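Below, each chain spelled out in residue letters.
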Amino acid sequence: MNGRVGRWGFAALVWGMVGMMVVLPPVMVFAGALSHGLRAAWDGLCDPDALSAIRLTLLITALAVAINSFFGVMAAWTLTRFSFPGRGLAIVLVELPLSVSPVVGGLVWLLVFGTQGWWGAALERWGYPVMFAPPGILLATLFVTFPYVTRTMMPMLRHMGRAQEEAAVMLGAGMWRVLWHVTLPGARAALLSGVLMTTARAMGEFGAVSVVSGHIPGLTETMPLHIETLYNGYQTVAAFAMAALLALMAMGVVAVRGLVERTALRMGKIA
Amino acid sequence: MTPGPMTPAHDMDGGGMAGHCAARQGAGGHAPFTLWRRRRDGLPGFGVGLSLTLGWLGVLVILPLLALLARPWAQGVGSGLGAFAHIVHDGRMLAALRVSFVSALVAAALDVVAGVVIAWGLVRVRVPGWRVIDALVELPFALPTAVVGITMATLYGPHGWVGAPLSHLGMKVAFTPLGIVVALMFVGLPFVVRTVVPVLRALPPEAEEVARTLGATRAQVVARVVMPALYPALLTAFAMAFARGVGEYGSVIFIAGNQPYHTEIAPLLIVIRLQEYDTQGASLIGLVLVAIAMASLGVIAWVRRHVGRGGAGGAI
Chain A
-13 MNGRVGRWGF AALVWGMVGM MVVLPPVMVF AGALSHGLRA AWDGLCDPDA
37 LSAIRLTLLI TALAVAINSF FGVMAAWTLT RFSFPGRGLA IVLVELPLSV
87 SPVVGGLVWL LVFGTQGWWG AALERWGYPV MFAPPGILLA TLFVTFPYVT
137 RTMMPMLRHM GRAQEEAAVM LGAGMWRVLW HVTLPGARAA LLSGVLMTTA
187 RAMGEFGAVS VVSGHIPGLT ETMPLHIETL YNGYQTVAAF AMAALLALMA
237 MGVVAVRGLV ERTALRMGKI A
Chain C
15 MTPGPMTPAH DMDGGGMAGH CAARQGAGGH APFTLWRRRR DGLPGFGVGL
65 SLTLGWLGVL VILPLLALLA RPWAQGVGSG LGAFAHIVHD GRMLAALRVS
115 FVSALVAAAL DVVAGVVIAW GLVRVRVPGW RVIDALVELP FALPTAVVGI
165 TMATLYGPHG WVGAPLSHLG MKVAFTPLGI VVALMFVGLP FVVRTVVPVL
215 RALPPEAEEV ARTLGATRAQ VVARVVMPAL YPALLTAFAM AFARGVGEYG
265 SVIFIAGNQP YHTEIAPLLI VIRLQEYDTQ GASLIGLVLV AIAMASLGVI
315 AWVRRHVGRG GAGGAI
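If you read the protein sequences in the order shown, they are chains A and C.
All residue numbers for the first sequence refer to our numbering, where the first residue is -13 and numbers rise by one.
All residue numbers for the second sequence refer to our numbering, where the first residue is 15 and numbers rise by one.
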């Protein structure tokens, strides 16, 4: 840069851009929540519908993270350790949900389980409605959070190589023992990073869930959907209170993930 | 760059070649059926792993996508073809697709510019507090889209912190196409910064210094030394931000105003069509969006395979 003035000018430009584009919106969330004092924000969160939304979000997130983490690890391992016809296609399909619109992630389930869908009418007749009920919300969340664990695990598994796993097999370990005692401990940081990414996305998913939920307050509303209902009902303070809580949860998860990655990187550099 | 957890998005496919070739060699000269057994490559669990992977993929991705692909043909091939032909005449659908497409394009382009400046400040200039910026840039990833949506609508609304001063200057952001771009820029920015920073780190500053000592002007250094090394990363980042922007819903609908033909985005029109019980119309828009997403993924894959192998190296 052109001397001190240029350097400070550039710093001001960068900070201005970051402040305007990145910092201002999160600050606004908390300012909006506290605009009528902490008390009003707290009251907004204690509403029974709000509590039910928080509960549903926690439940769906826990289930989605558990399911997608298990299968995500298995997929990452299978896709890096074995070669088979169609492997490339499988990798593309794993990545696909990331770039597809979240609304499509809800629509596709409507086409399978909706009343006009393939199996919706039959399931409803048997008394198991999937759409506009928590199972549909879970499916939509599973779709949009599908790739995270696999795509963070795969480069790590490839980096680790297979020598240690082969050695364990030679010593008599079976597949699950290899995975549990050799593969997972080695890829711990990558797994944790993927799981946290899945968690953050699952908590905040809006578009996909919005299509399949039916928006029944107290029953099928997750936190993001409840934010929409409150905001459209001009309950701005309650909407921002809920938004601030959700933002805190997601930002906490992402911060932990950053910490994990930084620690892993530092340890990797020492080794 | 080590393929450590810091760069999880990169190189999904790169290292697969080694295993592939090993399998080929091992299989050479055997009867066709041993081909399959040979692919176990010495590790147990191929059958279990493959069935779990395909089962998971099949139920959660392939089945629903097949339902989407099959939907237009549900009432026969003729009516399916008719539906596709009808897209051209559905002005509202075309307008919504254009709004999503153009605003995602503009937002991604602006993100690339802003992202490069920020990345440059982080890596090369090391502006005061660059570590803080490094952490802050993650924020848009962390904020759920609905939260972004109501925040942007309030911030840029007529009484918002940014919207009020702007409206004094006669500028309207919320409920105009500009509002859509602003929301999409927020969502897309981290893609650019996270893609460009590692490439810039891997690019030795000596190259730029050498060019300067050889008499290049600063503009020449940027055009001839920095940009050629950076442009695969920029293309990838642009495609990622664009793909995200075209399908974006939650962060946009609150600020967009959602006027048909003007500020109505394609994902919102899917939701509206579904509320009208027009599943067919919703599916057609969905298919177009999936096609755009696949095309963006194709660009990213192409860059990785053909351009990324060159100077900019493994960081992409």
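Just so you know, the hints here were simulated from the structure itself, not pulled from any lab data.
Every value quoted in this text rests on a predicted model; they were computed, and no experiment measured them.
Any given hint might turn out to be false.
Just the calculated beta-carbon pair ranges, DEER-fashion [said to hold, decoys possible]: (1) A:Glu110 to C:His276: 30 to 40 Å; (2) A:Ile202 to C:Leu77: 40 to 50 Å; (3) C:His103 to A:Arg174: 41 to 51 Å; (4) C:Gln89 to A:Arg163: 12 to 22 Å; (5) A:Ala52 to C:Gly92: 43 to 53 Å; (6) C:Arg140 to A:Pro203: 47 to 57 Å; (7) A:Gly(-5) to C:Pro179: 18 to 28 Å; (8) A:Leu251 to C:Glu290: 49 to 59 Å; (9) A:Arg163 to C:Trp175: 32 to 42 Å; (10) A:Gly113 to C:His276: 21 to 31 Å; (11) C:Val313 to A:Gly23: 46 to 56 Å; (12) C:Gln273 to A:Gly(-5): 39 to 49 Å.
These stretches of chain C come out as covered by chain A in the derived footprint (C-beta under 8 Å, 3 or more residues) [to be verified]: (13) 148 to 161; (14) 304 to 313.
Ideal placement from N, C-alpha and C gives every residue a C-beta, glycine not left out.
Quick rundown of the hints versus the structure:
1. A C-beta distance of roughly 38 Å is found between Glu110 of chain A and His276 of chain C, which places it inside the suggested range of 30 to 40 Å.
2. As the Cβ distance of Ile202 of chain A to Leu77 of chain C is approximately 26 Å, the hint placing it in 40 to 50 Å is violated.
3. About 56 Å separates the C-beta atoms of His103 of chain C and Arg174 of chain A, a value inconsistent with the hinted range of 41 to 51 Å.
4. The hinted window of 12 to 22 Å between Gln89 of chain C and Arg163 of chain A is violated, with their beta carbons roughly 53 Å apart.
5. Here the CB-CB span from Ala52 of chain A to Gly92 of chain C is close to 45 Å, well matched to the stated 43 to 53 Å.
6. For the hinted restraint 47 to 57 Å between Arg140 of chain C and Pro203 of chain A, the CB-CB distance of approximately 50 Å keeps it satisfied.
7. Distance hint check: the CB atoms of Gly(-5) of chain A and Pro179 of chain C are about 23 Å apart, consistent with the given range 18 to 28 Å.
8. For the pair Leu251 of chain A and Glu290 of chain C, the supplied restraint of 49 to 59 Å holds, since their beta-carbon distance comes to about 51 Å.
9. Distance hint for Arg163 of chain A and Trp175 of chain C: a CB-CB separation of about 57 Å, inconsistent with the stated range 32 to 42 Å.
10. For Gly113 of chain A and His276 of chain C, the hinted distance range of 21 to 31 Å is not satisfied, since their beta carbons lie about 44 Å from each other.
11. Evaluation of the 46 to 56 Å hint for Val313 of chain C and Gly23 of chain A yields a pass: the beta carbon distance comes to about 50 Å.
12. Look at Gln273 of chain C against Gly(-5) of chain A: about 40 Å separates their beta carbons, and that is inside 39 to 49 Å.
13. For the segment 148 to 161 of chain C, the stated coverage by chain A holds: 13 residues have a C-beta nearer than 8 Å to a C-beta of that chain, and at least 3 were required.
14. Interface restraint, the segment 304 to 313 of chain C with chain A: holds (5 residues with C-beta to C-beta distance below 8 Å; minimum three).
Violated hints, in rising order: 2, 3, 4, 9, 10; the structure is consistent with all others.
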